[in-house]
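Peer 1: Which chain is which? The protein sequence lines are A and B, in order. For the first sequence, counting from 1, position 75 maps to 75 in this note's numbering; every step adds exactly one. For the second sequence, counting from 1, position 89 maps to 89 in this note's numbering; every step adds exactly one.
Some hints here could point you the wrong way.
Derived contacts from chain B toward chain A, CB cut-off under 8 Å, selection only [stated by the list, open to error]:
no.	residue
1	Tyr35
2	Glu36
3	Ser38
4	Tyr40
5	Thr47
6	Ile49
7	His50
8	Phe56
9	Thr58
10	Gln59
11	His60
12	Gly66
13	Val67
14	His70
15	Arg71
Some but not every residue of chain A turned toward chain B, in silico, with C-beta under 8 Å [said to hold, decoys possible]:
no.	residue
16	Gln67
17	Met68
18	Asn69
19	Val71
20	Val163
21	Pro167
22	Pro192
23	Asp195
24	Gln196
25	Tyr200
The set of hints was computed from the structure by calculation and includes no laboratory data. Think of the CB as a built atom: it goes at the ideal place given N, C-alpha and C, for glycine as much as any other residue.
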Amino acid sequence: MSILSEHSPEGQPVDSFQQGYLSALVQGSGRQADQVVEKSLAGGLSARNVYMNIFQPSAYEIGRLWQMNQVSVAQEHLATAIIERQMGDLHTLFKPTRQRHSTLLIGCVDREFHRVGARMVADFFEQDGWDVVFLAAAVPTATFIAMAREINPDLVGLACQMVYHLPAISDFVRQLDGAGLGGIPVMAGGFPFVDQPDLYKSLGVRFSGANAPAALALANEWVLKEKQA
Amino acid sequence: MEEKRLTLVETTVTQLWANPFWQDRFGERGKRYFYEDSNYHIDTLITVIHMDSPQFLTQHYAWLRGVLVHRGMCSRHLLQTLTVFDEQVAAQLPTFWDSIRAYAATAYDGLVYADPACQILAQAEERLAVQVTQRILQEKPAWALRLGTRGEALCYEDVRYHLSFLQDALGFQEPQIFTDYLAWISGFLEARRLTPQMLHLSLSYLAQEIEQSMPAGSATAALQLLRSTAVA
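Construct the entire structure; sequences and hints are all you get.
Peer 2: What follows is the structure, encoded as structure tokens:
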């Protein structure tokens, strides 16, 4: 079943799960949201599908509703907390299907607090057999680089949702290079990279993916190439 | 710009806060957010210059307008904020301003609605406001005498705000944006013991001027909204 399928194997439109889930988030009901997730899994949706077709669009919609003043900051934070808790619950379904012998170090750039997207990417990589070190939100550049020195990853992932945090990415690349770790490839992701797919080129990173599956496909292609070289 | 950040933000906020709208509608909490948003504006502007990606500023303002219009501001307020900020940069950093004005201009692009009816209304805004103001002052000479030139300017400004909130309501297809504004402005006038008659008259004349001077199809939604409000 494709990750972008519009129906569960049992024929229920994925949209209906997403609407039910969004409604639960707006009401702030974690229990109700749990039921939607349980139903969608019972209906045959994969955990990856739940991430991409239920969690992600619902999180975007909650952001839009906040913009339109239809949900408060508190409701938005509650919705994020519910999604994160359920991602934790579903984590067992992201068991590695193979062993890639590659490590991803991923987190949000300094001052960037929107971390759900980076966590989704982390889970997708883990399921694909990567060893993943997820640093979550607003990681100060110096400590991020210190961690890179310590674990020597095959790839660093940087998440950035707010446009005004983009300079932190090029700053990170400069500092990584300055620390003698410039050989570690860096990928980036977040709203600005969806809006402008070529943006990564001007930031000194190797590539960016519009979402978790795209980032994973590009990373495997890149790292495979690097290892063969 | 980093060196002048504090001065730029402070002078922009002070200049805008001279309009009692801001304090009355948003109070001290609003002022705090205003400082915050002004700093984000500088951050975003620096980023788009750094990245040579002006479209981010356009996108940021299209997004920010969605946030602020749904919290009691109108596009004109945002436009005034940008204008005052740009004037401050031009005055305090004249050489720098010449090199970045093309970037700064892209913020205004984010405030253009895709709806052609809104665009036509935006183009006619100044003319409509002049016509409505002149009609009011001609037909109410006692007001003209009492208010003087400052009153005329305020009347004109008020009509511009009515038109801005009207366009926001049409642009977002949410009539409530306009009706909420009317409820607030009525209270604002009442609290200052000002007659609501001028508001009623200006909305009524505005509807007439729009009907007479704009293409019928483009004016329909604006007229429906103006006429659905009790005061019009």
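Peer 1: Per the CB criterion, is Glu36 (chain B) less than 8 Å away from chain A?
Peer 2: Since the shortest Cβ distance to chain A is 12 Å, the answer is violated.
Peer 1: Please check whether Asn69 (chain A) passes as an interface residue: C-beta within 8 Å of a C-beta belonging to chain B.
Peer 2: Nearest chain B Cβ about 4 Å off; hint holds.
Peer 1: Holds or violated: Val71 (chain A) as interface residue toward chain B, Cβ cutoff 8 Å?
Peer 2: 11 Å, violated
Peer 1: Please check whether Gln196 (chain A) passes as an interface residue: C-beta within 8 Å of a C-beta belonging to chain B.
Peer 2: Given a least distance of 7 Å, the restraint on Gln196 (chain A) holds.
Peer 1: Does Phe56 (chain B) meet its interface restraint, that is, does its C-beta lie within less than 8 Å of any C-beta in chain A?
Peer 2: 5 Å, holds
Peer 1: Under 8 Å, Cβ to Cβ, is where Thr58 (chain B) needs to be relative to chain A, so tell me if that hint holds or is violated.
Peer 2: 11 Å, violated
Peer 1: Checking hints one by one. Is His50 (chain B) an interface residue toward chain A, by the C-beta closer than 8 Å rule?
Peer 2: 6 Å, holds
Peer 1: Return the status of the interface hint for Tyr40 (chain B): holds when the least beta-carbon distance to chain A is below 8 Å, violated otherwise.
Peer 2: For Tyr40 (chain B), the interface hint holds, since the closest Cβ of chain A sits about 6 Å away, which is under 8 Å.
Peer 1: Does Thr47 (chain B) meet its interface restraint, that is, does its C-beta lie within less than 8 Å of any C-beta in chain A?
Peer 2: OK, holds: Thr47 (chain B) within 8 Å of chain A, min 5 Å.
Peer 1: Please check whether Tyr35 (chain B) passes as an interface residue: C-beta within 8 Å of a C-beta belonging to chain A.
Peer 2: 15 Å, violated
Peer 1: Taking the closest Cβ pair, is Ser38 (chain B) under 8 Å from chain A?
Peer 2: Since the shortest Cβ distance to chain A is 13 Å, the answer is violated.
Peer 1: Classify the hint on Ile49 (chain B) as holds or violated, based on whether any CB of chain A lies nearer than 8 Å to its CB.
Peer 2: 10 Å, violated
Violation of the numbered hints given earlier is confined to hints 1, 2, 3, 6, 9, 19 and 25; the remaining hints are satisfied by the structure.
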